[in-house]
Amino acid sequence: MELANLLESCRAGDELAWEMLVRQTQSRVFGIAMTYVRDRDEARDLSQDIFVRIYRNLDGCKDADRFLPWLVRISRNACIDHLRRRKARPPARDIPAEEALRLVAPDEAPDEEMERQARRRVVETALHSLSEINREIILLKDMQGLALEEIARLLNLPLGTVKSRSSRARLELAKAVQDLMGPAGAEATA
Amino acid sequence: MNTRCTAWEALLDAYLDGALDGSDEAFFRSHAADCDRCRDLLRLVSADLPALAVEDEAPRLADSVIAVTSGPACGRAEALLVTRPDGGLSADEALLLQAHLEHCPPCSDLARALDVALTTVRELAEPELDLAFTYDVLRATSATRARKRGGALPRLADRLGAWWQGQAARPQFPWEVAFAATVVLVLLFGTPLSPARRAPARALAAVQASPSWMIDTAGELTGVAGAGIGAVQQDVTERRNRTAPDRADFLRHVREAGTALLNGDPGAAAARLRVAGGDLMQLWRDWRGEEPDADD
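Sequence order for the protein chains is A and B.
Sequential numbering of the first sequence, starting at 1, is according to our numbering.
Sequential numbering of the second sequence, starting at 191, is according to our numbering.
Only true hints are included.
Pairwise CB distance ranges, derived in the manner of DEER restraints:
no.: 1; chain 1: B; residue 1: A359; chain 2: A; residue 2: E113; range: 36 to 42 Å
no.: 2; chain 1: A; residue 1: N77; chain 2: B; residue 2: G265; range: 35 to 41 Å
no.: 3; chain 1: B; residue 1: S332; chain 2: A; residue 2: A64; range: 19 to 25 Å
no.: 4; chain 1: B; residue 1: Q424; chain 2: A; residue 2: D41; range: 39 to 45 Å
no.: 5; chain 1: B; residue 1: P364; chain 2: A; residue 2: Q24; range: 39 to 45 Å
no.: 6; chain 1: B; residue 1: A368; chain 2: A; residue 2: K87; range: 19 to 25 Å
no.: 7; chain 1: A; residue 1: L16; chain 2: B; residue 2: N453; range: 29 to 35 Å
no.: 8; chain 1: A; residue 1: K62; chain 2: B; residue 2: L350; range: 25 to 31 Å
no.: 9; chain 1: A; residue 1: N77; chain 2: B; residue 2: A358; range: 19 to 25 Å
no.: 10; chain 1: B; residue 1: N453; chain 2: A; residue 2: I133; range: 46 to 52 Å
Quick look at which bits of chain B chain A covers, simulated, 3 or more residues with Cβ under 8 Å:
no.: 11; segment: 264-272
no.: 12; segment: 314-320
no.: 13; segment: 323-330
Chain B side only, calculated, beta carbon under 10 Å to chain A, not exhaustive:
no.: 14; residue: P275
no.: 15; residue: D276
no.: 16; residue: A301
no.: 17; residue: R302
no.: 18; residue: L304
no.: 19; residue: D305
no.: 20; residue: V306
no.: 21; residue: A307
no.: 22; residue: L308
no.: 23; residue: T310
no.: 24; residue: Q355
no.: 25; residue: G356
no.: 26; residue: A359
None of these hints come from the bench; they were simulated from the model.
From the three backbone atoms N, C-alpha and C, an ideal C-beta is built for every residue, glycine too.
With the rest of the complex left out, here is chain B (with noise of 0.2 Å):
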């Protein structure tokens, strides 16, 4: 006997009438189990002992009976685990599932793992996007429209420039266009019966021989390009009247993005931005002067 026995003597009345508060009813129903004088004390004294014991010593007893018999369920839990947000459990398949995860903690965090993983994967098959997304896939397949309509040599060129794209993702694709390159310089240059093999040559001996042939050529080359410079800059002009509005929409959604991120909106900025992107895609198709689609 030692002093914690004489404390949960002090405690035995208190007990029996059903009067300990939560700290000392636990220090009393743990010293009863672990000390064999005060058990028996209990036992002589009240009829509750035999409850205390099969209430702690019951989760015990069922685990070493499974263990020594069928083996740990976990194994057939995780099974029916995964079935049942499908729906596919029967009535009695779910009550034995749902008992054992009352008694299997580890069970029962895997299955409060899978509900969230479920429940959170279905959030990601579907993320929230901003007003641009749409935008911008409107804008995307409206060049396909006009393409579609266009007939069978603008989808030829398609799918030559998509093959063209996929042949120059290739890493070793600079690798070829130098071997290529070399291949032709050599056939033009290098080799006896080339037509240029001696082009290379007699360029090198006209500058050696006279430097100022390199100005007075490309004095006449200005010459013949001073004619048509005048047209040139008709031209430019015209251009620049056709896409005058086309800059001050690019210029005016270039504010407005700005100042929605001074506002700290980068959303609304961004999707400004966008829109001076598709400003700026107008502003090349005038400039080029393509003519614009009727739908659009």
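Pulled out of the complex, with its shape left as it was, chain A reads as follows (with noise of 0.2 Å):
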């Protein structure tokens, strides 16, 4: 089904459609919540937020072309206000970096699985070591694909700004990954 036509139904109040386009979405502002709060329950719950807001601004989003952008911003600025709640009132207890991703492929061998949690956490909290603006740019560039005059927009950054803050981020990740990883879990990783 067109995303177009899926929207209008959506838009229409048809329950089946709405189901669809979450089971489409989830993963992606499942995604989007875990760069921001790193823990899968807290992510869980904000994403059901996320969706809510989605499914109350529906009307706000015309466009079928516009949508991803539109879905992210939805979903960053309703992480940007969950931050905020929780910085007036912290969770009871501080959350590892360890425990952001338990991700099951069972599917895959035991040994492969352990290497990609592995990969996944080194680069998880790599990410986390960026500034909040860098973390931003690769979320929005590299995590969900958006293009820097979206992302300009999104941000209300002059283009020229976020193309070198793009770069910059990339860089300042890969460093990260390097010195978590050194040469040797890097080379093995690629």
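Can you join these two chains into the complex? Each is in its own frame, and there are hints to help.
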């Protein structure tokens, strides 16, 4: 089903269309939430809030071509609001980085799965060692695949700044990964 | 001349015939590079020495030339490296970068780290989720739909609720509530003009004068309330009957969760527990006698 038709049906109140849209976008929304909060359960609750916002504001997205940037914008705003609230009332316990991802892939061999998990933990830790703006640019560009122009609009920054920031963010991320893994680790996982 | 030179000379014929194995050849080449006498000897008997010298010296020569001319090219290589994933390099730039990476171990390591980082970041973009996630989202949004259809008043209530949650989340909120409560109590009982200023003193005096007063008052209240107890009991019975299927669903799902847990399937157990949570919500709605949504 075309995205434009799907959105139109969702706006008209078709529950099945909404369910399909949720299934198509839930991983992406959850991924964004994970980038901000790093705790799976918290990200899960946050994702639900994001979907409620999306549902309430579906009328605001008229153009299907602009759906992805719109989705990312809503998700990002919800995550920032959530972090503000959390800053006002911090969680009862610190969240260790190692708990950040507990993803399952039962089809993979245990060694490969462990290696994949270790790699993900390293990259996630490296991602969170970046400055906030660099992390957001990695999130928007390399994770969500938004165009630079869209990122500039979203972050309210000049296009040139976003371009240079993007290069710097990637370099910073690569160096952080290199520091965490060491050259041998990078070579082994490359 | 020492024992290494003697050993080296013993390998010379085999070297010229190309018959040395790996370790002997490594020793032969390294000694030839280090020992002037043996190198001269090799130059006399073969034409291979220039090639050996060039092979060993070329990288160092290039490094020293770069150091005294343009300086290291790693900065430029890094700039191209981070542009490469977007396909933003010309063919020449890609070639130059590749040549640099082949000779610069730090940049080569950095390139590998960048590949790992970007590949993994794309994987992190869409993590795998269990089936209960969609169910939870649909449940949350269906509640929103019910309120959305309810009109402006419920939406206003939602906004007020959200505003209140925001207020309550602030760290100073308990202090503010305590302050406000103190002000209210002082205004009610503590100022000369307050209407209830004598109430605490009167209550205390009444209790002191006749301790049985409280017991009598409680008895009167119980008598009044007793008339309504029958109606309350009937209401409770109706509610219990109304929620019986919900309770059964809830218990069944909890039992299923327990079974899944015993079978070593925590994912399924979690999913069933979530469903049980939904049953509880439904039980609460039925207990309160809320009308179900026509579309649910």
